[in-house]
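Trainee: These protein sequence lines are chains A and B, in that order.
Read in the UniProt record's numbering, the first sequence has 184 at position 184, and its numbers run on one by one without any break.
Read in the UniProt record's numbering, the second sequence has 85 at position 85, and its numbers run on one by one without any break.
Read the hints as simulated data drawn from the structure, not as lab findings.
Treat the hints loosely; a few may be bogus.
Heads up, the list lumps identical chains together, so a pair's fine if it works in one copy or across two of them.
Unchecked claim - Restricting the straight-line Cα-Cα distance to at most 27 Å, the calculated cross-link-like pairs of lysine-lysine (DSSO-like) are: (1) Lys80 with Lys327; (2) Lys264 with Lys309; (3) Lys104 with Lys309; (4) Lys327 with Lys257; (5) Lys327 with Lys273; (6) Lys143 with Lys309.
Each chain, letter by letter, is given below.
2 protein chains.
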Amino acid sequence: RYFHFCKLPGRVMGIRLLRFTSVVIIVLLLVAGALTALLPNIKDDKMPNLRREPKTESQSALDSFTLIMQTYNRTDLLLKLLNHYQAIPHLHKVIVVWNNIGEKIPEEMWNSLGPHPVPVVFKVQTVNRMRNRLQNFPELETKAVLMMDDDTLVSAHDLAFAFSVWQQFPEHIVGFVPRKHISTPSGVYSYGSFELQNPGFGNGDQYSMVLIGAAFFHSGYLEDFQRQPEAVYALIDETQNCDDIAMNFLVAKHTGKPSGVFVKPVDIRNLEKDTNSGYSGMWHRAEHLLQRSYCVNKLVHIYDGMPLKYSNIMISQFGFPNYANHKNKM
Amino acid sequence: RYFHFCKLPGRVMGIRLLRFTSVVIIVLLLVAGALTALLPNIKDDKMPNLRREPKTESQSALDSFTLIMQTYNRTDLLLKLLNHYQAIPHLHKVIVVWNNIGEKIPEEMWNSLGPHPVPVVFKVQTVNRMRNRLQNFPELETKAVLMMDDDTLVSAHDLAFAFSVWQQFPEHIVGFVPRKHISTPSGVYSYGSFELQNPGFGNGDQYSMVLIGAAFFHSGYLEDFQRQPEAVYALIDETQNCDDIAMNFLVAKHTGKPSGVFVKPVDIRNLEKDTNSGYSGMWHRAEHLLQRSYCVNKLVHIYDGMPLKYSNIMISQFGFPNYANHKNKM
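Just chain A, same shape as in the assembly (with noise of 0.2 Å):
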């Protein structure tokens, strides 16, 4: 038949020619309209995005850092908490160590409210144990812990500070609660806050220990503790106490320096006393404090050795808050 297409005269190719463009080009209009009808409707969106990008996204493991909040019998603090802190800058993720044993968790209400700017993981624990927090959770991706206790704040601002100080200073806990402990001449030693300075020096004070419960560190020191003496976990399940002096024993160790980085916070609060729990810290036990001293003799007769040192070095930011909080008499 094809002959026949050669020969047929000019003019029948010419209309069959522009029959076929024009089928062409109206199947190629009717896609693109079937196309601009599936681009999104910008018109609608009366309220400008101004929310962040998902951080799991964005923010890099080293760049970022977890939350480790353990809680129990203090759930109303808790998510008060997690409102302030779930919006600091550079958090990654929040893992909450779940004590309430047997009580659930409150997901429903935290997806309810949601969404929220990080993930929440609620850690359901199977014994009310002090040491739970001091797992190595798999869910934890960051190098960086910032671990809290669940009755403090601490702002924003001392945070962010805080923070990058520790990317100074990795290998240490940078924190904001400092203690020490003291040698007396028979040997014992003993634990305490500041009361206890050596008096008539007038050279200062030292502090040989960062708290845990507010303060950034190495999220390789959770996997190093899995891997301490069975002595030292059965101490910390004893006195349901002591787990942060056990962890100032251990960084001390591995870095034969001293174990933590004292930065002086502008704003931390302790908001027990607006819990409605009726519940109080554990600190507040009349056997607290000598229980500490008991934990620091235990421990060096565990490692076979002091390995806590001094340091005075207190480190505050820059022209923060006073812009002239650095000036002098000059």
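Chain A is fixed; fit chain B onto it per the hints.
Mentor: Here is chain B on its own, set in the frame of chain A:
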């Protein structure tokens, strides 16, 4: 003959033995008496000896520092400051860079008022140059240098603390006077203090330099300074200024980090107004600050880039002077 010895009657042998042992005992007593006479006589010391061991014999090069103080036309201040600085703990030696060309050093007076705790060396200069203090002096034996302007008094506590901080940050300039540079949209830099804080950020301030006129740094940097481009020396000589900015560039380039660590001084004083010489420092010249901005830009050109980096770390001494200077509301 010794057969006879064996055969001699016991009594004769006894007497010989007795004589022998008597002689031995007497000789031993005489020797002991002689030794006793050689012992130091403690009773003659009426004043307890409170003077420290001469520092040059007991201070190791790592645990002590050398003070380098350049002086021009303020000998009265110099001598006042020497009396203060000569007694600073961990001081090894003082090097006075004598920029009073043609004028005799006060060596006779200095010696007549001896003894002094440490050696003081007067380095006579042939030309009055700002960069004379940045020579690699052969008398320098310590790793650490403390450089002080000849009108600046810093308390012993501040210096002892800052020295301990330097020992933890030996590659940085650890000192008491922070400054910064600002980038502008035109690409031209400006030098300044903290009136230049970028307004509205509300997140504190930053510094990018620590001035060497009141700071500790590693003596190796004096060696490095001898190997800089000629244009750097020409710049400092042209302006009689900016040697400290040049040092900060050098250190920042070397470390890839902020050049300085700022230690907030408790007690730092400028004694300028106390001089009888009528001479006031270079920084009173009208063009002083403009010159320093000029130097920043010239150095960027010489070094083909801006190596200075910002820091907001401010270090203070824990528990000093106020033993509770680290307390908070918690």
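Trainee: So, for every hint listed, does it hold in this structure?
Mentor: Status of the hints after comparison with the structure:
For the identical chains of this complex, Lys80 and Lys327 are inter-copy neighbours only, at 25 Å across copies versus 37 Å inside a copy, given an alpha-carbon limit of 27 Å. With identical chains, the CA atoms of Lys264 and Lys309 are at most 27 Å apart both within one copy (19 Å) and between copies (23 Å). Taking the shortest alpha-carbon separations for Lys104 and Lys309, neither the intra-copy value of 43 Å nor the inter-copy value of 50 Å comes in at or below 27 Å. Only between protomers do Lys327 and Lys257 lie at most 27 Å apart by alpha-carbon distance; the minimum there is 24 Å, versus 31 Å within a single protomer.
Taking CA atoms no more than 27 Å apart as the test, Lys327 paired with Lys273 passes between copies only; the shortest distance there is 20 Å, against 37 Å inside one copy. Proximity of Lys143 and Lys309 under a CA criterion of 27 Å is satisfied in both settings, with 24 Å inside one chain copy and 24 Å between copies.
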